[in-house]
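> Chains as they are written, first to last, in the numbering used here: chain A, 1 to 463; chain C, 464 to 840.
There may be inaccurate statements among the hints.
[What the hints assert, rightly or not] For the chain A half of the interface with chain C, some residues (derived, Cβ under 7 Å), not all of them: (1) GLU38; (2) LYS146; (3) GLY317; (4) ALA318.
Don't read these hints as lab results, they were simulated from the structure.
Where is the CB? At the ideal position from N, CA and C, for every residue including glycine.
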Amino acid sequence: MRQNLAASRRNILLGLVAGAILAHGTVAGAKPLKLEKEQIKVGFIKLTDMAPLAVAYEKGFFEDEGLYVTLEPQANWKVLLDRVITGELDGAHMLAGQPLGATIGIGTRADVITAFSMDLNGNAITVSNSVWEQMLPNIAKDAQGKPVRPVKADALKPVVEQMRAQGKPFKMGMVFPVSTHNYELRYWLAAGGLNPGYYSPTDVNGLVKADVLLSVTPPPQMPATLEAGTIYGYCVGEPWNQQAIFKKVGVPVITDYEIWKNNPEKVFGVTKAWAEKNPNTHLAMVKALIRAAQWLDASPANRKEAAAMISQSQYVGADTRVIANSMTGTFEYTPGEKRPVPDFNVFYRYNATYPFYSDAIWYLTQMRRWGQIEEGKPDSWYLETAKKVYRPDIYLQAAKLLVEEGRIRKEDIPWDSDGFKPPVKDFIDGVAYDGHKPNAYIDSFRIGLKGQQKVEGNNVVGK
Amino acid sequence: MLSASSGAQRLEAGGAAAPPPVKASTAPVQSAKPARRTRNTPEKLCRVLALLGLAFIVPLIRMACGEDPRAQLKSLWRTLGVPLVAMLVFALLWSFFAARIDTSLGKIPGPTAVFEQMGALWQEHRAERVREGEFYERQAVRNAERLAEDPTYEPSSVKYTGHPTYIDQIFTSLKTVFTGFLFATLLAVPIGILCGMSRTIEAGFNPFVQVFKPISPLAWLPIVTLVVSAVYVSEDPMFQKSFLVSAITVALCSLWPTVINTALGVSSIDRDLLNVAKVLQLGWKTRLLKLVLPSALPLMFTGMRLSLGVGWMVLIAAEMLAQNPGLGKFVWDEFQNGSSDSMSRMLVAVLTIGFIGFLLDRVMQTLQALTDFGSRR
Chain A
1 MRQNLAASRR
11 NILLGLVAGA
21 ILAHGTVAGA
31 KPLKLEKEQI
41 KVGFIKLTDM
51 APLAVAYEKG
61 FFEDEGLYVT
71 LEPQANWKVL
81 LDRVITGELD
91 GAHMLAGQPL
101 GATIGIGTRA
111 DVITAFSMDL
121 NGNAITVSNS
131 VWEQMLPNIA
141 KDAQGKPVRP
151 VKADALKPVV
161 EQMRAQGKPF
171 KMGMVFPVST
181 HNYELRYWLA
191 AGGLNPGYYS
201 PTDVNGLVKA
211 DVLLSVTPPP
221 QMPATLEAGT
231 IYGYCVGEPW
241 NQQAIFKKVG
251 VPVITDYEIW
261 KNNPEKVFGV
271 TKAWAEKNPN
281 THLAMVKALI
291 RAAQWLDASP
301 ANRKEAAAMI
311 SQSQYVGADT
321 RVIANSMTGT
331 FEYTPGEKRP
341 VPDFNVFYRY
351 NATYPFYSDA
361 IWYLTQMRRW
371 GQIEEGKPDS
381 WYLETAKKVY
391 RPDIYLQAAK
401 LLVEEGRIRK
411 EDIPWDSDGF
421 KPPVKDFIDG
431 VAYDGHKPNA
441 YIDSFRIGLK
451 GQQKVEGNNV
461 VGK
Chain C
464 MLSASSGAQR
474 LEAGGAAAPP
484 PVKASTAPVQ
494 SAKPARRTRN
504 TPEKLCRVLA
514 LLGLAFIVPL
524 IRMACGEDPR
534 AQLKSLWRTL
544 GVPLVAMLVF
554 ALLWSFFAAR
564 IDTSLGKIPG
574 PTAVFEQMGA
584 LWQEHRAERV
594 REGEFYERQA
604 VRNAERLAED
614 PTYEPSSVKY
624 TGHPTYIDQI
634 FTSLKTVFTG
644 FLFATLLAVP
654 IGILCGMSRT
664 IEAGFNPFVQ
674 VFKPISPLAW
684 LPIVTLVVSA
694 VYVSEDPMFQ
704 KSFLVSAITV
714 ALCSLWPTVI
724 NTALGVSSID
734 RDLLNVAKVL
744 QLGWKTRLLK
754 LVLPSALPLM
764 FTGMRLSLGV
774 GWMVLIAAEM
784 LAQNPGLGKF
794 VWDEFQNGSS
804 DSMSRMLVAV
814 LTIGFIGFLL
824 DRVMQTLQAL
834 TDFGSRR
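The task is simple: from the sequences and hints, build the whole structure.
Structure below.
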């Protein structure tokens, strides 16, 4: 009897297997990639834009590629990068500036590459309640008495000046020296005539000539640090700006979408050595992530589902309503002032997944502008560096496989791009950016290092 | 619990085989006990229960055996009633004051909210186990599928890739603390014995003990992390680095109480015994095993009990700071999540940490007490 049972159970399992093969065979048709490595550990930081990773895991996109992925939250961006470099993590959700910074040796020096851009936008700048109160008189109001958006840093300038006159330095937080948030916050401040300070070989904190002192705080700790009064404001990704509203500790003043429309945000980074050793595994990862990104942008219902998904404690862990506030195309500025920002998080639209050289070069120009790159470099250097780190070739290979498998539409991928987005003027200060001319762009800023200028001691020298 | 009771049995058996003079010396002690105790009270059971920290059962047994109910009720009130009332008062005070403190995560949760989260955490654990089962099924299907396409394919047997649940974290922490404690004991006991047996060696070790003893785990942690990362390099590591880092940090900090107490235990051995050993020309090994160790055992266990307590405290800090899996990481993750349930979950963890710490101490105390009357035989 027992034997019979065991046998019938085996038959059922075999039946299941056969059924699965048939079902799968008709959908895919393509041969699975021969993976060098099936067990993958991926690090992430608790931010809503880790969503493609969670979706690829929960929706089985990783497993469809034969990948067994473990997702692991990391303490902060430095720990995350270090663990990718030492090989404890196979890859990670990274700040776009991290692979670039690592490759040119800002902080830890290592060859890190990316073949997948995870999202566009998704950040905001928040100030404490009292700073917001002081800013309000300087902000124009619309007919309903609501502040006119975008709020420029011009409104913050008198507040900073007043505090400095009282001998109190104005401190703000960002998440990492080469983070998007650092450059966005600096961009916004500088556009409003506030100098966020230069980095120099002797000042790695970037405080030379600073009107506003910026320091590093891990994203999930931003609201608590603001509440403690250590900083007066911060620039960070979601849900930590909406969290400030819910916790009543601060007020978001501007989204990064208003600072630069559709700016590149996170990437999926791996070391160059890892990518060379596991080319097929890398392709499979990129494939799964492209599918996840597509799923995220496919419908508002998916976004809602994703918000609930990542609110689980093993992912972002914040309350669903906090995450959904920004994930589903709205953004709450002041309590009750919820405005539509349909492109606050972009995962797939506007070719968001393609790793554009022009995006890499924009980050490099900002690193130069604020002195992290100490000396002026020729235009050719910018392109070479971008090509070393950003790998559209791998991305296109993965996309091609997905098109062949019928999983994505051919017209969604910019097959013929030379890696440069057309020149744009979508910045808060209206300065035009052309990725082909980085030096001309750097020289066009009011505040920032230009040409061959260098920071020596507390002074900017040279031309 | 299990090890404690089996230890008790072993000791009983040893007692029976002990030489007659020792037995004679214990006999009067027993007969000197209050006369009103009836003969049929199982004194041994009562003693074992008291050892296990279940002293409140003892009066019940005594009453059942017909001893003076008044005295026993009084004793029951003291061992069971008072602690229960105290807990009730605490819970009331807790819910009263918690509702009055507003944090950015909302009000501090009261006992009911915390209790609810305990249930939620258990449900999450159950759900995760179901997902785990499904994962293995999918893996089997996928392996079969791949094998059908490519007969040379080596089927993968990947462990479940989901996240560790609260229950998993508890076991990770326990595993880590015992590993660290084992390292510490294996190192500390020999050092302690050497120090206890020779003044010279003790003089040599003393400065190190004095200087290293007060070092906080948080100071060791970054160094241990760096060293482990540099030294422990392997393609297919048996242990996770983070596990080793936590265990070594625990070991480094929990080493000292055992060293000091073992040394003290060994050095305070009865001189007469040593003289007898000299006269009998006992070998070095016999002297160590038959004389030194048995007489040093009670103090050794005192040291180990302190060590385990220190180790448990150190571990939580290490897990929190180094993001190593375990209860400490759970607390930190919840702090970072900042959801409306986070605070209740952190409080569940705090209570769990306390309760486990208490259990560990209880186990060690039981072992210690066993060795104590073992050596008095």
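> State for each hint whether it applies.
Consistency of the hints with the structure:
1. Because the closest C-beta pair between GLU38/A and chain C is about 5 Å apart, less than 7 Å, the hint holds.
2. The beta carbon of LYS146/A is not positioned within 7 Å of any beta carbon in chain C (closest approach about 25 Å), and the interface hint is therefore violated.
3. Here the hint on GLY317/A is kept, as its CB sits about 3 Å from the closest CB of chain C, short of 7 Å.
4. Annotation: interface hint on ALA318/A holds; nearest CB of chain C at approximately 5 Å, less than 7 Å.
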